[in-house]
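Take these sequences, add in the hints, and give me the full structure.
Those protein sequence lines, which keep their order, are chains A and B. Position 36 of the first sequence, counting from 1, maps to 1224 under this note's numbering, and the rest follow consecutively. Position 89 of the second sequence, counting from 1, maps to 109 under this note's numbering, and the rest follow consecutively.
Treat the hints as calculated values from the structure; they're not laboratory data. Glycine included, each C-beta is placed from N, C-alpha and C at the ideal position. Just so you know, not all the hints are guaranteed correct.
Okay, derived cross-link-like pairs now, BS3-like style, lysine-lysine, Cα gap no bigger than 30 Å in a straight line [stated by the list, open to error]:
{"id": "1", "chain 1": "B", "residue 1": "Lys23", "chain 2": "A", "residue 2": "Lys1253"}
{"id": "2", "chain 1": "B", "residue 1": "Lys117", "chain 2": "B", "residue 2": "Lys72"}
{"id": "3", "chain 1": "B", "residue 1": "Lys117", "chain 2": "A", "residue 2": "Lys1195"}
{"id": "4", "chain 1": "B", "residue 1": "Lys72", "chain 2": "B", "residue 2": "Lys23"}
{"id": "5", "chain 1": "A", "residue 1": "Lys1253", "chain 2": "B", "residue 2": "Lys117"}
{"id": "6", "chain 1": "B", "residue 1": "Lys117", "chain 2": "B", "residue 2": "Lys89"}
{"id": "7", "chain 1": "B", "residue 1": "Lys72", "chain 2": "B", "residue 2": "Lys89"}
{"id": "8", "chain 1": "A", "residue 1": "Lys1253", "chain 2": "A", "residue 2": "Lys1195"}
{"id": "9", "chain 1": "B", "residue 1": "Lys23", "chain 2": "B", "residue 2": "Lys89"}
Some chain B residues judged to face chain A by a derived CB distance under 10 Å, without partners named [unchecked claim]:
{"id": "10", "residue": "Ser61"}
{"id": "11", "residue": "Thr119"}
{"id": "12", "residue": "Gly121"}
{"id": "13", "residue": "Thr122"}
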Amino acid sequence: SAVISQKPSRDICQRGTSLTIQCQVDSQVTMMFWYRQQPGQSLTLIATANQGSEATYESGFVIDKFPISRPNLTFSTLTVSNMSPEDSSIYLCSVDPIGTGLGGYTFGSGTRLTVV
Amino acid sequence: DAKTTQPPSMDCAEGRAANLPCNHSTISGNEYVYWYRQIHSQGPQYIIHGLKNNETNEMASLIITEDRKSSTLILPHATLRDTAVYYCIVGALGNEKLTFGTGTRLTIIP
Chain A
1189 SAVISQKPSR
1199 DICQRGTSLT
1209 IQCQVDSQVT
1219 MMFWYRQQPG
1229 QSLTLIATAN
1239 QGSEATYESG
1249 FVIDKFPISR
1259 PNLTFSTLTV
1269 SNMSPEDSSI
1279 YLCSVDPIGT
1289 GLGGYTFGSG
1299 TRLTVV
Chain B
21 DAKTTQPPSM
31 DCAEGRAANL
41 PCNHSTISGN
51 EYVYWYRQIH
61 SQGPQYIIHG
71 LKNNETNEMA
81 SLIITEDRKS
91 STLILPHATL
101 RDTAVYYCIV
111 GALGNEKLTF
121 GTGTRLTIIP
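Okay, structure coming up:
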């Protein structure tokens, strides 16, 4: 399985500012996935990032609020823009190491964001 | 993706087998059943998956009914470290998007 390094692990931010979260994988992967987990809730997919193309966003998530970069096959960033307290969540990246959906997806340890 | 239904919480005594049920009555013929778990303050961890045959690995066993409308994840000898939220997910081969339900919060009792 792949190893994911996600940074920062946690942050406290002022409302109206932006935070960029980094996700580094130790192997090349086609797709990288960004999830949000609000307090006490399950995971919700924000978007899918494919190298060399625009990210695909799920319903309820827009590029202006959550811009994503995917400069190469091992790295991606998610920015949470113009933050409000409602953005306080854990943000996780995930990859499918063997690219078939089988064998399991690997998740980062998450970024715990608190907006004050 | 087919939706799944899981009990919101379960308790199990340490050392006993933990049996976690999942209903997926609308599963399609090409959709797999996946199980993940999330220990507090960590990202989800893959456990096991199956299509129609029962599966076993070093972590757990997966029993899928013949009609594929339900399945059971079995942790044979539960330990305190197995306390987590367990997610049952169904998806098609090649579908790389995981849709998480609410899961089952399993608590292992000493």
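Verification of the hints:
| no. | hint | in the structure |
| --- | --- | --- |
| 1 | B:Lys23 x A:Lys1253 | holds (28 Å) |
| 2 | B:Lys117 x B:Lys72 | holds (21 Å) |
| 3 | B:Lys117 x A:Lys1195 | holds (23 Å) |
| 4 | B:Lys72 x B:Lys23 | holds (17 Å) |
| 5 | A:Lys1253 x B:Lys117 | holds (21 Å) |
| 6 | B:Lys117 x B:Lys89 | holds (21 Å) |
| 7 | B:Lys72 x B:Lys89 | holds (10 Å) |
| 8 | A:Lys1253 x A:Lys1195 | holds (19 Å) |
| 9 | B:Lys23 x B:Lys89 | holds (11 Å) |
| 10 | Ser61 | holds (8 Å) |
| 11 | Thr119 | holds (7 Å) |
| 12 | Gly121 | holds (6 Å) |
| 13 | Thr122 | holds (5 Å) |
The structure shown violates none of the earlier numbered hints.
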